[in-house]
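A.B. asks: Go by the hints and put chain U with the ligand onto chain L.
The residues making up each chain are set out below.
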Amino acid sequence: MVEARIVIIGAGPAGMKAALSLVEAGHRPVVIDEAQRSGGQVYRRPSPAAERSPRALYGFEAARAQRLHQGFDAIADFIDYYPETLIWNAEGRTLDLLYNGQNQRIAWSHLILATGAMDRIIPVSGWTLPGAYTLGAAQIALKAQAVGIGQSVVFFGTGPLLYLVAYQYAKAGITVKAVLDVSAFRQSVVALPQLLTGGRTFAKGLFFLAWLRARRIPVLRGITPVEIVAGTDQAVAGITIRTAGGKLRHFDCSGVGFGYGLRSETQIADLLELEFAFEHNHRQWLPVSDDNGRASTCGVYLAGDGAGILGADAAELTGRRAALVLRFDLGETELAAEIDTLSARLNAMRPFRHALDHVAFAFPERLARNVPDDVIICRCEGLRAANIRQMARDTEEIDLNRIKAFTRLGMGRCQGRVCVAAATAVLAGAATDMSSTGRYRCQAPVKPVPLRAFLGGCDEQV
Amino acid sequence: MNRFDVAIIGGGLAGCSAAFHLSKRGASVALLERGRCGAQASGVNFGGVRRQGRHPAELGIAQRSHALWKDLARLIGTDGEFRTTGHLKLARSPDEMADLEAYRETARTFDLELELLDTKSLRARYPYLGQAAQGGSFCPGDGQANPRIVAPAFSRAARALGATVLENTEVVHGRRDDGDFRLELASGQNIRARRLLNMAGAWGARIAAWFGDIVQEGVMAPNMCVTEPLPQFIGPALGVCGGDVYIRQVPQGSVIFGAGYGLADRDRVFARPLADVTAAGARLAVSIIPRLADALLVRTWTGIEGTMPDGIPVMGPSPSTEGLFHAFGFTGHGFQLGPAAGAVMAELALDGETPTEIGALAFTRFNRSSTATRTGC
Ligand SMILES: Cc1cc2nc3c(=O)[nH]c(=O)nc-3n(C[C@H](O)[C@H](O)[C@H](O)COP(=O)(O)OP(=O)(O)OC[C@H]3O[C@@H](n4cnc5c(N)ncnc54)[C@H](O)[C@@H]3O)c2cc1C
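Chains as they are written, first to last, in the working numbering: chain L, 1057 to 1518; chain U, 11 to 387.
Chain L with its partners taken away, still in its complex shape (with noise of 0.2 angstroms):
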């Protein structure tokens, strides 16, 4: 019997940080993630290949994203770290695996969930074409491999990360036709107070926005995506919109980059069968936890924008503070100050993270309730926003799980991940309450495994 372990899933900036405080207290934690690299989506590191300065890579970040790489490099003899692991699986106080192709079961005691966040959506006429990325691809491409997502690029939707990629686009040398947010300038105008709370990080936006206009990048508000353009090779090749005056105006390109915020991977949660409530500030199901971040099954701590969009900077704290609460229920109960004040810390986050997601950047509703019928929505089975409504109106239905049922909605490689909150948009339609499309169920694996995987005979413990 391998004796069970203290178990953080991610290495962003919420895993890593956790893994630092664990590693003070003389725990021997073991760290899985997905990816080949530590860092997460925000501090990704490049493969070897293509490495690049700090400065390069994480602009002003640089020398965060440095102190939490080096911090997490200095543990390394005292972590068990699994990169490029894909959890698939979580049952009971067990976790199923897919490490070197294999198929494995690790115990935990245990766990500290940091499972992040990924693009939420906006189907546009055009979005599966070739050359058509999320925000958060586009910013991977670039950070991972040094290549971006075409010669010439165009980003829209709305949200902090539409002025970061943009940035780090034209910053690294390739042509951003331009930057086209969907709310309306006068949004930042309102939100101004609570935004000016957010000191350095809305600093940072202003700055963005400066050094965008300083380079004539045509920055647009308040427009309204129409089409993703294909050429003749049936790739991207423009972008129409409408803009805020209501005049159509088309950018040529060879890429596009677009999102509309995070949403919290709650997969892993989900099979863990851990609580959940709807959250109208998140827009989505989330695992319900006590104020510091205790899940509602004993012994799980939530962290990072996994448990609800935050922020890099939240989620260093709300990493640090899963490990300092699994520690004082292990018995350092003088941890309780600094537990106090991490707490408190990341309430005064909020006003301005509210400002940043609901006023400033706030996801544009009407848009994604009333994406056009031709659009596709889920694009693994081929569905269109019209097919979706077709079958809420002959079912008389509006519950995803019934119409995953009878349309194959979100039955495809992604299980959903990627369509599933567009979907729910649609369905939703003129509804006021969202949640009343119930919650669409994770089923494992949460993402595609090789049969080939199980076939090593009796499987084994990591």
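Check the hints yourself; a few may be wrong.
Stated by the list, open to error - 20 angstroms max Cα-Cα, derived EDC-like pairs, lysine to aspartate or glutamate: (1) L:K1233 <-> L:E1283; (2) U:K34 <-> U:D286; (3) L:K1503 <-> U:D304; (4) L:K1503 <-> U:D286; (5) U:K130 <-> U:E111; (6) L:K1260 <-> L:D1369; (7) U:K130 <-> U:E106; (8) L:K1503 <-> U:E238; (9) U:K80 <-> U:E123.
Stated by the list, open to error - Facing chain L, a subset of chain U residues (Cβ under 8 angstroms, in silico): (10) R46; (11) R293; (12) R309.
Please keep in mind that the hints were generated in silico from the structure rather than gathered at the bench. Cβ coordinates follow ideal geometry from the N, Cα and C atoms, glycine included.
C.D. replies: Frame of chain L, contents of chain U with the ligand only:
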């Protein structure tokens, strides 16, 4: 208070089909379903629609169901994606081949047109099969369907004919007095009916017990796996002697296989597949079709199914209570039977009898000792 000719507890495929057949004959019907119609076993099963391999006690009703499956589009407005791809049952040893031959004899009176295949003709016809398969028995009329859409389509058709379909409606207790059944709902309301059909799947024995009909009903959760879409190559639905793995390829290309059992908790109405069962199932599936080794597993699932000690369902009148009829405990193979189970129960409720041979499924068999074994999926 609402009074109906017939009340049905359980909106699975069997109950929905009963509601449809009763409404077609003009009876006033209430279909009472705790959750959504066809969301339990009937909506999440493997989708195998086969007669081959069934216990002879089921073959009469299975034949009747077969006719209904072929007629589904006309009856309820969708064919349920039923396809007569045939069902190929594989033997992995000479002993198993002998079993297949013996079964052909057993089923001879039922017109299943079973064709036995030796190793050579099996390889020639199904070159994708691995070395494990040494022979087979092919039933050309059997096939497969999409379980997610069939029961809901029956419930919609029943509703269109005037049935009262009450979803999210749990029956918490029932009794019979003054010749009427009184059903107490979780909402506190009551329903009255002259006849009662207990078609509550894995929860059937509980309802039977309200009326003093006592039987042990177990529970099982067949562990199901599905791959990414692959180009069409399999053809028939595949099974094996012993039933430890079954495989089919759906029209959209994905390959579904089932093997082993996950967890089922009937009280919480909760079921989940298990990773080690999935792993063992993958090995079995690959032993039958080696090229599946390169396919990606995209989803696993399971459902809650009632099992009877002798592996065949209960169907027929209550031994204790007049006007009460049971049909539950299909033990992993009631999807194919569902349409006819509804037709038969409708006849029992309205006529007190049915032309279909169901005597061997009677509740009263549990008063005697029984030795028959489970027949598998
Ligand atoms: C994973 C799996 C794979 C299978 N594969 C196959 C296959 O390939 N081929 C095949 O022929 N069969 C298969 N089966 C079996 C088949 O699915 C079932 O035998 C069949 O669906 C049973 O139908 P039913 O209507 O009796 O039960 P269910 O579909 O379970 O319906 C019973 C209904 O009763 C309701 N209910 C229970 N108690 C109450 C109450 N108190 N008040 C109100 N409502 C209540 C439940 O909510 C439920 O909806 C499989 C089963 C499973 C789980």
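A.B. asks: Take the hints in turn and mark each one as holding or not.
C.D. replies: The hints, checked one at a time:
no.: 1; hint: L:K1233 <-> L:E1283; result: holds, 16 angstroms
no.: 2; hint: U:K34 <-> U:D286; result: violated, 46 angstroms
no.: 3; hint: L:K1503 <-> U:D304; result: holds, 15 angstroms
no.: 4; hint: L:K1503 <-> U:D286; result: holds, 17 angstroms
no.: 5; hint: U:K130 <-> U:E111; result: holds, 17 angstroms
no.: 6; hint: L:K1260 <-> L:D1369; result: holds, 13 angstroms
no.: 7; hint: U:K130 <-> U:E106; result: holds, 16 angstroms
no.: 8; hint: L:K1503 <-> U:E238; result: holds, 11 angstroms
no.: 9; hint: U:K80 <-> U:E123; result: holds, 17 angstroms
no.: 10; hint: R46; result: holds, 6 angstroms
no.: 11; hint: R293; result: holds, 6 angstroms
no.: 12; hint: R309; result: holds, 5 angstroms
The structure shown violates just one earlier hint, number 2.
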